[in-house]
Amino acid sequence: MTTLLDVRDLTVHFDTAGGRALAVDGVSFRIDPGETVGLVGESGCGKTVTALSILRLLDGEAVTSGASVIEFEGINLRNLEGEDLRAVRGAKIAMIFQEPSASLNPVLTVGLQITETLHAHRDIDRHAARTRAIDLLDLVGIPEPDERFRAYPHQLSGGMQQRVMIAIALSCEPKLLIADEPTTALDVTIQAQILSLLHDLKTELGMAMMLITHDLGVVAGMADRVAVMYGGQIVEEAPTRQLFASPQHPYTRALLDAIPRLDRVTDRLPAIPGSVPPATAWPSGCRFHPRCSKRLERCATDAPDAFTAGPDRYARCWLAAPDQAAAP
Amino acid sequence: MTRDLITRTLHSRRAKVAFFVVSTLALGALLAPVITPHDPIAQLDLVGLKLAAPSWQHWFGTDDLSRDLLSRIVYGARISLAVAALSVALSITCGTLVGLAAGLAGGAVDALLMRLVDALLAVPRLILLVVILAFWPQISLPLLVLVLGVTSWFDTSRLVRAEVLLVRERPFYAAAVSAGTSTGRLVRNHVLPNVAGPIIVAATLGIGQIILVEAGLSFLGIGIARPTPSWGRMIADSQEIMVSAWWTAAFPGLAIVVTVVAFSVLGDALRDALDPKAS
Amino acid sequence: MAGRSSEPPYPGRHRQQLVARFLALRLIHAIAIVFLVATLTFFLIRMAPGDPIITRSEALSVPPEVRAQLLENFGLDRPLVEQYLRYLGNLATGDLGYSFSENRPVTTAIMERIPNTLILAGLGMLLAFGIGVPVGAIQGWRSGSKTDNALTVTSLVLYSLPVFWLGIMLQLAFGLGLGLFPVSGAIDPVIHDGLSTFGRLWDRIRHLVLPAATLGAVGAGALARFQRSATLETVVQDFIRTARGKGLTEQLILFRHALRAALLPSITLFGLTFPALLSGAVLVETVFSWPGIGRLIYDSIAARDYFVVTGTAIVSAIMVVLGNLVADVLYWVADPRTRPAS
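Chains as they are written, first to last, in our numbering: chain A, 93 to 420; chain B, 1308 to 1586; chain C, 947 to 1288.
Keep in mind that the hints were calculated from the coordinates and are not lab data.
Do not take every clue at face value.
Stated by the list, open to error - Straight-line Cα separation of at most 25 Å, DMTMM-like style, residue types lysine to aspartate or glutamate; simulated pairs:
| # | chain 1 | residue 1 | chain 2 | residue 2 |
| --- | --- | --- | --- | --- |
| 1 | A | K184 | A | D124 |
| 2 | C | K1092 | A | D151 |
| 3 | A | K294 | A | D230 |
| 4 | A | K267 | A | E236 |
| 5 | A | K267 | A | E296 |
| 6 | A | K294 | A | E273 |
| 7 | A | K267 | A | D215 |
| 8 | A | K184 | A | D230 |
| 9 | A | K294 | A | E127 |
| 10 | A | K267 | A | D107 |
| 11 | A | K184 | C | E1179 |
| 12 | B | K1323 | C | D1094 |
| 13 | C | K1092 | A | D404 |
| 14 | C | K1092 | C | E1011 |
| 15 | A | K267 | A | D101 |
| 16 | A | K267 | C | E1196 |
| 17 | B | K1357 | B | D1346 |
| 18 | C | K1092 | C | E1028 |
| 19 | A | K267 | C | D1094 |
| 20 | A | K294 | A | D355 |
| 21 | C | K1092 | B | D1579 |
| 22 | C | K1092 | A | E153 |
| 23 | A | K267 | A | D217 |
| 24 | B | K1357 | B | D1544 |
| 25 | A | K184 | C | E1196 |
| 26 | A | K184 | A | D107 |
| 27 | A | K294 | A | E165 |
| 28 | A | K294 | A | D307 |
| 29 | A | K267 | A | E239 |
| 30 | C | K1092 | B | D1582 |
With the hints as constraints, model all of the structure from the sequences given.
Now the structure itself:
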């Protein structure tokens, strides 16, 4: 099975007033057809920048290093320009964002925002586009879709707006859907609905998905594999079940420990001490070491490599190095 | 923080030039009696120097009463800058007070004040000023400052009122009030700091605008009384003679343009420096 | 952050009712404003010390009996409250008083001149919006480029010009200097009546050029500045990123997405620009001897024609209020979020 998306050595920096901010540093991962890969991390870890780099939607200030490779179906997206890039956006790879109310144009109808995507990529006439758009609205679970076609975004609730975004994203049957925090801005009950919708659609259409979130609970139910990001790097990657069952990286372990559970009695939830440092000043050695309860001496000076921790997993930690005792 | 603000404002070359211009103007206006080569209202030589073109003795030439134009323009700066600075100060004060009153009192007072503002805004500014000033026998500097100040506070009042309403909605406000915090303290600590920035920007830009308004009034004949030189009236007077003496119309106008541009650039630079989203 | 609950769009008739109610409310609001303006004008103009019928020039002196008679004729010797009530009463019937200098009702004097001012201000608006808005939008879309910088300087200078001075300079340069355009009046007083219909139209157009250009230039500068920042704010919005992510062409993103949203703020400016243009018209009409209400005000100041000044102020307020109403309707059409149905 050929890999759908192959990202290698993605490095992105911004030159700010406070110095050079290294937002993404040497990130590599793969997504196979039909897979769901979760990208998890706190704010400031670089996951959104990573997601935006794929379709090259970063604004002009971001500088992607020349060594970065983003291969989709074998073609390096970094080398595409103009029409070729546009042919990929929205048609082969689609993206949905965190704030649906801000991501939809307030002065255009919902229907138009779907049909224009169709017109951009397919040779289709107005009536067929309209019919397809209404079908899509129905598919994503919007009641009375032919009336909603003429509605404006502000006339819809947050959950409905996100469904519209999904409809837009799916309109040209992309092979890969990038979902950047799709449910963070929504109420908890709606979150579950949207996630369930995404799951069903994904299965139905055989689509691969890249799910970016800070919420481990979201990936638990949705992802086949999870990559955990910290400090602009992927610090651990593993199949979902294995990650939850036996995390190798202290950061992953700490994130999991911080989730409240009914079957555990504790006085306080263990919090990770300290806070995420600014991207202009990553610590030396392992970026997590100042906050790590398990740090060794070498962690402050030597940046760890990504060590294999199983047939399909790795962790960027000295504790996972072959010469260390097996992690508890 | 203020020093940081000043550094950021004067960051661009454009802003530095503007600041230089404004300072020079202000200094020039202050030191006018000392630096001007001639008395602005002295008619030097009605025979020989009437309508003289620009020359080394008279950089900007002379007008039809053989008065040195350069001196008149420098003195004109006094009027323009003084009127502008004072009336802007007055308008900020009025606007803040009205905005606070409307925002804090709410209800009928707010509605009434806002309707008043709407009504005053409905009359075009110059026409409103004409209504107030046209029939005064003599227009003195204080009167001009008062009238201009009292007709320019609307934007400030809207700004302050909006901020007050915003602050009132925050939960901490109810908590603070029930704890007995005085309104004065709440205003001072929470409303004023947030509006200070936009108000300063508006004030700087406002100085430029008021200079234009004052010039317009002088042009129409209802500015500062003669013989005090005023840029607007100098332009009005030049209309009959401008065909043969273009400098009588050009230089006063250029003085206005340069001054207003300088204040506008400064105002823009201030606004950019205060913008939290600036890179 | 949930939006409003989704409801079907209102059926046609209900919507019409809402629109009618909205317009009615605005009309009442407008009348209230005009009433307030009339009151303010009445009192403000009387704040000036001295007698309204003071002699027109210091040289003339009016014998006391004549003065008393004049005061009585115009009701200026009655108590203030009575004057005020009569004033309001007259206003309701459209009587704005009597013009001393023209010897006829103020209303007639004003109505005769309004079309000229409307043409001038209208053309000025057209130029200001027609040039300023596109220029500002281009600047915002291509911010930081050389074009943007050059245009920023240009609009800054235009915006800082005293409009009357610009008029005078244009007169000097194009009118008197190059002799391309006439510098005063709306028509050529000597030959106009003898011209053909087309000739008359052309004569009018030629006379319009310089004054309209003066008004338009300053307005264009102001609008370009405003539209530039409005466009800058729009292009960083999330929905532009969404549009790009959909694979739309840059052209489509600019025209359908960016501009539709970025132009909205300028529509609100419609309401603010109109009074500013009327103020500008006072000065421009004076410079170019344009026979509109601006020039009327100027002449009335010199002639100390009390009622004309008051009347013009009220009429201009009415024009502004009507203009605002039109602007509101325009804004409705443009921005679906402001429509009463939702």
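Self-check item: Numbered hints the structure breaks, given as an ascending list
Solution: 4, 10, 11, 13, 14, 18, 19, 20, 26 and 29
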